[in-house]
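Enquirer: In case you want the letters, here they are:
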Amino acid sequence: MILAVLLLVGELSESSHPAVRASPQASWEEGSLRVRIPSQVLLDVEVRRVIQSGLTVTFLFDFAVPRARLERHARLEVRYEPWDETYLTSLLSQSQKREETFSSFDSLAQWWEALPWTVSGVPRLEGSSRAELKITISVVPFSANEERDARHWFAQSIEEPRDLGSPPAAGGPGAQSARDDMLGALITTAIKRRALRTFRWTVTIPEQERR
Amino acid sequence: MKRLVCRLAASGLAFWLVASAPPASAADEATFYLERIEVDNAPPAIGAIVLSQSLLKEGSRYSETELRDALSRVRRLPLVRDAEFALHKGSSRGAYRLSISVERMSPFFLQGSSNLSLFNETVRLRETGRSLFDNSAAVGLRDSVGRQGMLFAGIGTTGSAYGELGYTQYGLFGTGGYAAADLQYSASGNVLVLPFLADPSLSGWEVGESFAARLAVGVPIRRNDSIRARYAHIQADARTVAPVFGFQPDTPAAITKGRLSIDQADLDWLYDTTDDALLPTQGLFLSAGPGTLKANTPESFPTVSPPPGQGPGPPPGPAAAQTTNTAYISLSATRYLPVTDRQTLLGSLQGYAGRTRVDQQPRATTFGLVGTLGHSMSLLSSSSSRDIDDLRLETFLEYTYDRGPPLPAPSYTRFERLRVGTGVVFRSRWALLRLGLSYAVFERGMQ
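Taken in sequence, the protein lines are chains A and B.
Number 324 in our numbering belongs to position 4 of the first sequence; there are no gaps in the numbering.
Number 352 in our numbering belongs to position 307 of the second sequence; there are no gaps in the numbering.
These aren't lab readings, by the way, just hints derived from the structure by calculation.
Fair warning: this is a prediction, and the values are worked out from it, not measured in the lab.
Some hints here could point you the wrong way.
From the derived model, a few chain A residues whose C-beta atoms are all more than 12 Å from chain B [claimed, not checked]:
1. 350
2. 352
3. 359
4. 390
5. 391
6. 404
7. 429
8. 430
9. 444
10. 518
11. 525
Some chain B residues judged to face chain A by a derived CB distance under 7 Å, without partners named [claimed, not checked]:
12. 109
13. 113
14. 131
15. 132
16. 134
17. 138
18. 322
19. 326
20. 327
21. 386
C-beta: ideal position from N, C-alpha, C; glycine also.
Sequences are here, hints too, so could you generate the full structure?
Expert: As structure tokens, then:
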């Protein structure tokens with residue numbers, strides 16, 4: 321009980337980094353809730369310095385809709401390769417893995433800005449008050465090899481997706497949801513290292529158009 | 046004996062569970078051939094220490110996991126305030142130059158602590174009562190000496206003044222090993238409570254002049270493993286002795302003649318992935334190994350105040366000098382788990398099992414354990430001044446149990462304590478300050 325109180329007080333006292341003024345944009349596209357994150361996260365002085373170190377930086381994404389008791393997780397690794405002067409990215413979300421290379425920081429930032437994160441499984445929420453989407457991005461130095469081992473332990477049966485062209489889905493509804501939720505929890509909790517920066521937003525979920 | 050075996054087996058199982066971790070899968074992990082390693086922002090002597098303690102070698106290939114562990118080792122150095130790694134192109138494709146940027150701690154340091162301890166019964170230490178206010182402060186200087194040497198000197202007070210001198214030689218045997226020596230001397234009085242195995246009577250010894258010498262040698266085995274040998278000798282001129290608790294309020298302290306001393310040596314295997322030597326917020330620390338503890342306590346002469354109206358009675362017999370010898374094996378595991386970017390949970394279990402002989406009595410089996418749960422929260426926001434490294438609120442719950450050799454009163458066979466506490470820690474480039482409050486829910490010796 322005492323520990324829970326301490327954690328709750330600590331959680332309530334934490335605030336988002338003040339430097340990032342732009343907010344994520346949430347919209348309904350093709351029946352799914354999609355979120356775009358501002359590139360100012362990448363442009364943060366500390367974040368950019370660590371990216372330029374040539375060692376992997378891990379971005380942990382948490383999307384939560386408290387009113388629907390829904391949580392989704394995803395992870396993006398970025399590494400600057402000094403010899404090629406390129407930025408290597410590896411994106412892991414529920415049952416999806418995608419790798420891309422960018423020739424400049426500007427193109428990386430543009431890709432980041434345009435990347436739509438799909439928060440799957442958000443139900444239609446009735447009521448007079450709008451539902452909120454809480455977004456947290458933790459920036460962790462170095463790679464997340466522990467996550468790979470966690471996947472090996474618990475999720476050997478999860479197959480790699482064949483279609484890598486769709487937007488990254490931070491969540492998987494349906495029959496696999498229990499297993500995917502476990503993987504999602506493992507994505508974030510398996511990385512037990514202190515974050516360099518944490519960014520938090522609360523975004524109002526727009527009303528979904530009725531068809 | 047059966048219970049001891051079961052307890053040891055349980056401890057070993059817990060130790061194995063904590064220590065066992067899946068091997069890091071290197072199949073997909075990037076590796077880097079380090080053609081050259083340079084330390085920036087540091088004089089050559091400090092740079093040499095950082096390089097040797099990183100355990101990185103030019104001309105070797107390392108994974109990111111290995112570089113991360115090396116960075117933790119550098120950050121744990123007492124002379125390093127912060128450090129960062131960065132990769133740059135080497136002389137040919139596929140080769141890299143690693144630059145280590147180091148921010149040094151100030152050569153001048155200040156340490157201070159104030160702790161209010163509350164007890165649920167009357168105790169006798171420096172004063173008699175249900176609370177004890179402990180204050181200590183020290184100032185000192187540290188600087189590099191020669192090739193990879195660090196010298197420090199300081200003066201302080203814990204109620205009595207003391208002086209301290211220490212030296213650490215890094216890069217021992219051309220590896221990341223080190224040897225450290227420390228001497229401490231105090232000419233004035235203090236009250237010492239010895240470890241339970243050293244003094245099962247759980248007494249407070251008022252001492253005059255005291256002296257302590259400590260030696261340590263550490264040799265790395267692999268990137269996170271090392272072997273450490275330590276020896277400590279403490280001696281003090283004892284003046285009086287009185288039980289800490291369970292005493293008659295009007296009974297004065299017994300007068301002692303002679304010197305008390307403790308000699309302790311241990312040889313431990315260490316596994317350390319923590320990110321900070323003083324205030325870790327993540328990682329795992331394990332240790333295991335044998336040790337010995339020898340303690341000598343002097344003869345004491347109890348004095349009894351006569352009842353009012355009566356003359357002095359015959360004095361009670363003296364309590365004989367005592368020597369305890371213990372050979373033990375100790376295990377410890379401490380896990381720091383960052384649950385958010387500002388909060389860390391801590392779980393720790395330390396235990397020992399051994400054989401103790403008191404004077405010429407037959408050896409008896411002894412064991413003990415300390416279990417701790419803790420929470421630490423940074424009070425700094427991301428926009429806080431860079432001049433402050435840490436401002437943390439720490440809270441802990443600690444349980445201690447010791448089982449010593451069977452001894453008659455006034456000695457105890459068992460000791461048990463449950464303590465809770467909280468405090469604030471401040472750290473900057475030149476200071477480490479603590480303000481704490483603790484409460485002993487129970488603290489008792491038992492036969």
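Enquirer: Are the hints correct? Go through all of them and say.
Expert: Results of checking the hints against the structure:
1. 350: 32 Å, holds
2. 352: Given a closest Cβ separation of 29 Å, the condition holds.
3. 359: Since the minimum Cβ distance to chain B is about 19 Å, residue 359 of chain A lies beyond 12 Å and the statement holds.
4. 390: 20 Å, holds
5. 391: 15 Å, holds
6. 404: Given a closest Cβ separation of 9 Å, the condition is violated.
7. 429: 20 Å, holds
8. 430: 24 Å, holds
9. 444: The claim holds: residue 444 of chain A sits with its nearest Cβ about 32 Å from chain B, beyond 12 Å.
10. 518: Residue 518 of chain A is in fact no farther than 12 Å from some Cβ atom of chain B, at 5 Å.
11. 525: Label holds. Min Cβ-Cβ 24 Å, cutoff 12 Å.
12. 109: 5 Å, holds
13. 113: Nearest chain A Cβ about 5 Å off; hint holds.
14. 131: 4 Å, holds
15. 132: Check passed: Cβ of residue 132 of chain B comes within 3 Å of chain A, closer than 7 Å.
16. 134: At 5 Å from the nearest chain A Cβ, residue 134 of chain B passes the 7 Å test, so the hint holds.
17. 138: 6 Å, holds
18. 322: The hint is violated - residue 322 of chain B has no Cβ within 7 Å of chain A, the shortest such distance being about 16 Å.
19. 326: 5 Å, holds
20. 327: Holds, about 5 Å.
21. 386: 4 Å, holds
The structure fails hints 6, 10 and 18 (numbered hints given earlier, in ascending order).
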